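Fit chain G to the given chain S structure using the hints.
If you're matching them up, the sequences are chains S and G in order. When we follow my numbering, the leftmost residue of the first sequence carries the number 71, and every step to the right adds one. When we follow my numbering, the leftmost residue of the second sequence carries the number 71, and every step to the right adds one.
Don't read these hints as lab results, they were simulated from the structure. Do not rely on the hints blindly, as some may be mistaken.
No distinction is drawn between identical chains; accordingly, a pair holds when it is met within one copy or between any pair of copies.
Unchecked claim - List of simulated lysine to any residue pairs, SDA-like, C-alpha gap at most 25 Å:
1. 296 to 161
2. 223 to 172
3. 296 to 162
4. 195 to 185
5. 215 to 169
6. 296 to 176
7. 215 to 193
8. 296 to 267
9. 195 to 107
Small disclaimer: the values here were computed from a predicted structure and weren't measured.
Residue strings, one per chain:
There are 2 protein chains.
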Amino acid sequence: MSDTALSYPVDARNRVRRHHERGAYDHDAVHAVLDAGMLCHVAYVFDGQPYCTPTLHWREGEMLYWHGSSASRMLRGQRAGVPVCVTVSHLDGIVLARRGLNHSANYRAAMCFGTARIVDDPAEKAQALAAVIDRFLPGRSGRVKPNTAQEAKATTVIGMRIDQASAKVRAAGVGDEPEDLALPIWAGVIPVRTVIGAVETSPHVPAGVARPPELAHYPEGETLDKALRETQRIYEGG
Amino acid sequence: MSDTALSYPVDARNRVRRHHERGAYDHDAVHAVLDAGMLCHVAYVFDGQPYCTPTLHWREGEMLYWHGSSASRMLRGQRAGVPVCVTVSHLDGIVLARRGLNHSANYRAAMCFGTARIVDDPAEKAQALAAVIDRFLPGRSGRVKPNTAQEAKATTVIGMRIDQASAKVRAAGVGDEPEDLALPIWAGVIPVRTVIGAVETSPHVPAGVARPPELAHYPEGETLDKALRETQRIYEGG
Numbered sequence: 071m072s073d074t075a076l077s078y079p080v081d082a083r084n085r086v087r088r089h090h091e092r093g094a095y096d097h098d099a100v101h102a103v104l105d106a107g108m109l110c111h112v113a114y115v116f117d118g119q120p121y122c123t124p125t126l127h128w129r130e131g132e133m134l135y136w137h138g139s140s141a142s143r144m145l146r147g148q149r150a151g152v153p154v155c156v157t158v159s160h161l162d163g164i165v166l167a168r169r170g171l172n173h174s175a176n177y178r179a180a181m182c183f184g185t186a187r188i189v190d191d192p193a194e195k196a197q198a199l200a201a202v203i204d205r206f207l208p209g210r211s212g213r214v215k216p217n218t219a220q221e222a223k224a225t226t227v228i229g230m231r232i233d234q235a236s237a238k239v240r241a242a243g244v245g246d247e248p249e250d251l252a253l254p255i256w257a258g259v260i261p262v263r264t265v266i267g268a269v270e271t272s273p274h275v276p277a278g279v280a281r282p283p284e285l286a287h288y289p290e291g292e293t294l295d296k297a298l299r300e301t302q303r304i305y306e307g308g
Numbered sequence: 071m072s073d074t075a076l077s078y079p080v081d082a083r084n085r086v087r088r089h090h091e092r093g094a095y096d097h098d099a100v101h102a103v104l105d106a107g108m109l110c111h112v113a114y115v116f117d118g119q120p121y122c123t124p125t126l127h128w129r130e131g132e133m134l135y136w137h138g139s140s141a142s143r144m145l146r147g148q149r150a151g152v153p154v155c156v157t158v159s160h161l162d163g164i165v166l167a168r169r170g171l172n173h174s175a176n177y178r179a180a181m182c183f184g185t186a187r188i189v190d191d192p193a194e195k196a197q198a199l200a201a202v203i204d205r206f207l208p209g210r211s212g213r214v215k216p217n218t219a220q221e222a223k224a225t226t227v228i229g230m231r232i233d234q235a236s237a238k239v240r241a242a243g244v245g246d247e248p249e250d251l252a253l254p255i256w257a258g259v260i261p262v263r264t265v266i267g268a269v270e271t272s273p274h275v276p277a278g279v280a281r282p283p284e285l286a287h288y289p290e291g292e293t294l295d296k297a298l299r300e301t302q303r304i305y306e307g308g
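Bound conformation, chain S alone (with noise of 0.2 Å):
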């Protein structure tokens, strides 16, 4: 909760338009929104045309990080970086009314801008190739065979401050017009989630290798959703 007091500059670029009153601008509803999830979005621009890749992203405090996507190649002749736009969605439901206009879906999501470089210190690339293991499977990147520096080399991530964000969560029942409420027509709301399976054991590993510890944290049945955000609180703490 200590981030309930900051907030992100609004202007025109992140304010919240369309449905004002489910728009946020503090830290920490964003980070809630972006720690849920492991997949992002990067929008970026090349010749005037809009890019949308779909990448894996990990945030260190105000800095968000993401796997090398169609957008390293651009990257690499801008030193100074380029503008992009990341966003990070979760689908929570199906929310069905009396109207057709009323019609609507439960979701999270958080828009963040900022300018993306390509991280080239060595020091800082060795971190974010150990934080992309252990953000998601805590102590991991200790217990696999090291990374050789010709591999570290062929790896892209890029990274962001995050400038600007806004969060956009609608979390509620059916929005009907009062005068609807009578009507003899179904409402309600069809819930969705991402949940985890069942792990799936490599065929080559070795009889006799246990599980590691970090599978603690994705059991079978619970919400990557949760999964993802306590990985995070480790990871925070760590």
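The following block gives chain G in isolation, referenced to the frame of chain S:
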């Protein structure tokens, strides 16, 4: 399978670079990813700044439609349309390997390129406002209170012909190096999937109003993926 022979044209804009062996350009592969989701991310440029907006999408042949988003205000001044990239992604699993840089994710993603325009032809718009309900909830638009002309006017639908697209899919086990296979390190996949929860009836629905037939497509515990592919099939056949 009728579209297997049809492919989107490939050039620098949509060619899959990293892990090109995971890329596909045929209509069926792209449609399969689009139709298994209802949440897309739209990248567009406004005053040189990229934006990545999450919204609800649906497909009708080679036309992709989505619900009015923050891009709407920009599109109002651009009758010729603006270039966008619409991406739909699904996270299917977390892949734990023997060395850090072989860690991966299973996923399906489709990136679609085209020119977005506001749907303002009254007949096309009326059809789109019915489609956004019926594509997900077969037949429901005819069972709810009709939209007023004013409501329809206040809602924005955006449409785009898919000019180019690519699909990228990883659906595999651990990609360990041959020399790592005997290492005493655990490796495997944590599967994740998005599932449907128990439907919640609005407390305002009068007693005696039955659950409508469209809910049968969303049984508790089923994957959203399967429900959306099935409702798309019905929508196309209707």
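Hint check:
For the homomeric pair residue 296 and residue 161, the shortest alpha-carbon distances inside one copy (15 Å) and between copies (16 Å) are both at most 25 Å. Only between protomers do residue 223 and residue 172 lie at most 25 Å apart by alpha-carbon distance; the minimum there is 14 Å, versus 51 Å within a single protomer. Taking CA atoms no more than 25 Å apart as the test, residue 296 paired with residue 162 passes in both settings, with 13 Å inside one copy and 17 Å between copies. For the homomeric pair residue 195 and residue 185, the shortest alpha-carbon distance inside one copy (17 Å) is at most 25 Å, but the shortest distance between copies (38 Å) is not.
Only between protomers do residue 215 and residue 169 lie at most 25 Å apart by alpha-carbon distance; the minimum there is 4 Å, versus 57 Å within a single protomer. Within a single copy, residue 296 and residue 176 get their C-alpha atoms as close as 17 Å, and across copies as close as 20 Å, so both meet the 25 Å cut-off. Proximity of residue 215 and residue 193 under a CA criterion of 25 Å is satisfied intra-copy only: 19 Å inside one chain copy versus 61 Å between copies. Both within a single protomer and between protomers do residue 296 and residue 267 lie at most 25 Å apart by alpha-carbon distance, with minima of 14 Å and 16 Å respectively.
For a Cα distance limit of 25 Å, the shortest separation of residue 195 from residue 107 inside one copy, 22 Å, qualifies, whereas the shortest one across copies, 34 Å, does not.
Violation of the numbered hints given earlier is absent; every hint is satisfied by the structure.
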